[in-house]
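The listed protein sequences derive, respectively, from chains D and P. Under the numbering used here, the first residue of the first sequence carries the number 1, and numbering increases by one thereafter. Under the numbering used here, the first residue of the second sequence carries the number 1, and numbering increases by one thereafter.
Note that these hints are calculated values from the structure, not bench results. Do not rely on the hints blindly, as some may be mistaken.
Listed below are the simulated DSSO-like cross-link pairs for lysine-lysine, each with C-alpha atoms no more than 30 Å apart in a straight line [unchecked claim]:
| id | chain 1 | residue 1 | chain 2 | residue 2 |
| --- | --- | --- | --- | --- |
| 1 | P | 30 | D | 123 |
| 2 | P | 17 | P | 32 |
| 3 | P | 32 | D | 123 |
| 4 | P | 26 | D | 123 |
| 5 | P | 185 | P | 23 |
| 6 | P | 30 | P | 15 |
| 7 | D | 123 | D | 45 |
| 8 | P | 15 | P | 32 |
| 9 | P | 14 | P | 30 |
Fair warning: this is a prediction, and the values are worked out from it, not measured in the lab.
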Amino acid sequence: MAGLIVRRVFQLVLLLIGISFIVFMSMHIAPGDPASIIGGPTATKEDVEAIRENLGLNEPLLAQYFDYLKGIFAGDLGFSYQTKQAVSEAIIDRFPNTLNLAIASIIVAIVIGVTAGIISALKHNTWFDGLSTIIALGGISIPNFWLGAILILIFAVNLQWFPVGGLTEPFWTIEGMKQLALPAITLGTGSAAMIARMSRSAMLEVIRADYVRTARAKGVREKTVIMMHCLRNAMIPVITVIGLNFGFLLGGTIITESVFAINGVGRLMIESIAARDFPMVQGSVLLVATLFVLVNLIVDIVYAFIDPRISYE
Amino acid sequence: MSTEVVTQQLPSHKKMKEFALFKTWKRLIKNKMAIVGLVIIALQLFMALAAPVIVGVDPNKQNLELSELPIGTEGHWLGTDNYGRDIWSRIVYGARISLLVGIGAVSLGLVGGVVLGLLSGYYRRLDGIIMRFVDLMFAFPGILLAMLIIAILGTSLVNVVIAISIWSIPTCARIVRGSVLSIKKQEYIIAMRSLGASDLRIMVRHVLPNCMAPIIVFATMRMATAILSTASLSFLGLGAQPPTPEWGAMIAAGQEYMWTSPHMIVIPGIAIMLVVFAFNVVGDALRDALDQGMSLDK
Chain D
1 MAGLIVRRVF
11 QLVLLLIGIS
21 FIVFMSMHIA
31 PGDPASIIGG
41 PTATKEDVEA
51 IRENLGLNEP
61 LLAQYFDYLK
71 GIFAGDLGFS
81 YQTKQAVSEA
91 IIDRFPNTLN
101 LAIASIIVAI
111 VIGVTAGIIS
121 ALKHNTWFDG
131 LSTIIALGGI
141 SIPNFWLGAI
151 LILIFAVNLQ
161 WFPVGGLTEP
171 FWTIEGMKQL
181 ALPAITLGTG
191 SAAMIARMSR
201 SAMLEVIRAD
211 YVRTARAKGV
221 REKTVIMMHC
231 LRNAMIPVIT
241 VIGLNFGFLL
251 GGTIITESVF
261 AINGVGRLMI
271 ESIAARDFPM
281 VQGSVLLVAT
291 LFVLVNLIVD
301 IVYAFIDPRI
311 SYE
Chain P
1 MSTEVVTQQL
11 PSHKKMKEFA
21 LFKTWKRLIK
31 NKMAIVGLVI
41 IALQLFMALA
51 APVIVGVDPN
61 KQNLELSELP
71 IGTEGHWLGT
81 DNYGRDIWSR
91 IVYGARISLL
101 VGIGAVSLGL
111 VGGVVLGLLS
121 GYYRRLDGII
131 MRFVDLMFAF
141 PGILLAMLII
151 AILGTSLVNV
161 VIAISIWSIP
171 TCARIVRGSV
181 LSIKKQEYII
191 AMRSLGASDL
201 RIMVRHVLPN
211 CMAPIIVFAT
221 MRMATAILST
231 ASLSFLGLGA
241 QPPTPEWGAM
251 IAAGQEYMWT
261 SPHMIVIPGI
271 AIMLVVFAFN
281 VVGDALRDAL
291 DQGMSLDK
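Please model the complete structure; the sequences and the hints are all you need to start from.
What follows is the structure, encoded as structure tokens:
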């Protein structure tokens, strides 16, 4: 196990260097000179040259990359072209909202997905199974920005049960939970559908296994068979799907934050792309991609822990 | 029974292929959901091809006197938007855009993915480099990679096609590589090599055709992802720009008016959902059908 962790962490470091290189290069491939963008339309040639010198843009590309890497380790991701605010500061300000949203969504996805998947498998080939399979397919196909707008229309505008948007209150307060409810459902639906499909097929496979038949033949109570013999084994692949989905939810927050006007990293990214504010885009992309690979690493390790049969040799 | 008789009874290679395709098709249409999906895709294709014939109205023609007409209005059975543009005609023309973007993004992604996958699976020396590159691309959640590419290229529908195609490359490369690895060990490939066939010929004429089943399934499922992502990116203002009648952009424009004219967002949303659903179920059914159908012994 220790070997696996060391190997995975080593791969992660290589991956992070690769990510930082791609993100760094994106600024150099993009059309437009950063110095001219910062200087604005009124800047003279000398001003632009001074900015270039100041930012180290006259240095060789590799030297600039190492400077960028050094900056990342020191928590310095540069300054916004638009607001001149430090990128790391802007991201730290907004990150809690993104994380809250991602965690709330994965909770929604697990509760709905696992429950629906297990009941579907236990009631295989019944109306419930058919209905939940169709809903799961619908859940994967539904555009979540649209679902968000429809939920706002029904539950915020017409019924007025939830606020229309924003995430300003702490999540542990009633108000905060109300603010999180619709965005979490919006973002979690797609993942819930995927988790439901996975739980159903994993459960169906396990239910037919010989050791489950043996347990039943021994006279073990049905509840114990399901909880102790089926669920434990069926949940192994489901945990992988949950982990992978958490990573995707981090990416998905970008859209949901826009629909619900939540001040998170995703919204920051979109605003920055529209304004061609590259340091901001780079910082946000770097953060989300790093979290994504970290989550995948944790899933890999957890997976090996809960299933001793797994070997990554 | 002599050997000659047995040889005569064997059907030709072409006939066997036709038989396998026929079996796959039969299995596909046995699946009710797949039929629903195929009908929706056929309808979208019809709308895309015959848009000017189906609707006589220009999808961008504004008439402020007719703005925000509800569903069921005579002459505008799906209502109009805030500029008085006919929503039905915008939906029909939107079908064309969504199909074109989907086909464009998936085809480009397939070309890149198939080339990388073939090279990676066939040449061990290239495998390590290509697969590390693929791993690196997998480190970005899909939509994020697309956004980074759009951030570099700028916001437009063409750039969305490029972004989604690049995003499709790693998955496709991995699928093709997997198939190539198992196919290249088959005896007929070894036989071709000993006959002196060039690597290119073996890859294109013998390996690639045998990887087609997973590629077809991937392409179908990817159409769903491409259409959904295009709509999402256009909704965020990073794809189609006004007044293009793109479904995601229509929802973005309608958001402001959803209090008074909810049909402005409801209708394009249903259109996206139906099409994405269709490609998803057909992809699912194709996977099942090809799994069993392509093997002749079953």
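The hints, checked one at a time:
Pair hint residue 30(P) plus residue 123(D) holds up; C-alpha atoms about 23 Å apart against a cutoff of 30 Å. This hinted pair checks out: residue 17(P) and residue 32(P) have alpha carbons roughly 25 Å apart, not beyond 30 Å. A hinted pair counts as satisfied when its Cα atoms are at most 30 Å apart, and residue 32(P) with residue 123(D) qualifies at roughly 21 Å. Our distance criterion of 30 Å between C-alpha atoms is met by residue 26(P) and residue 123(D), whose separation comes to about 29 Å.
The suggested pairing of residue 185(P) with residue 23(P) holds, with an alpha-carbon distance near 26 Å, which does not exceed 30 Å. Proposed proximity of residue 30(P) and residue 15(P) is supported: the alpha carbons are some 22 Å apart, at most 30 Å. With a C-alpha separation of about 73 Å, the suggested pairing of residue 123(D) with residue 45(D) is violated against the 30 Å cut-off. Restraint check for residue 15(P) and residue 32(P): the C-alpha separation of about 28 Å stays at or below 30 Å, so the hint holds.
For a cut-off of 30 Å, the pair hint linking residue 14(P) to residue 30(P) stands: about 24 Å separates their Cα positions.
The structure is inconsistent with hint 7 alone, although it conforms to all the rest.
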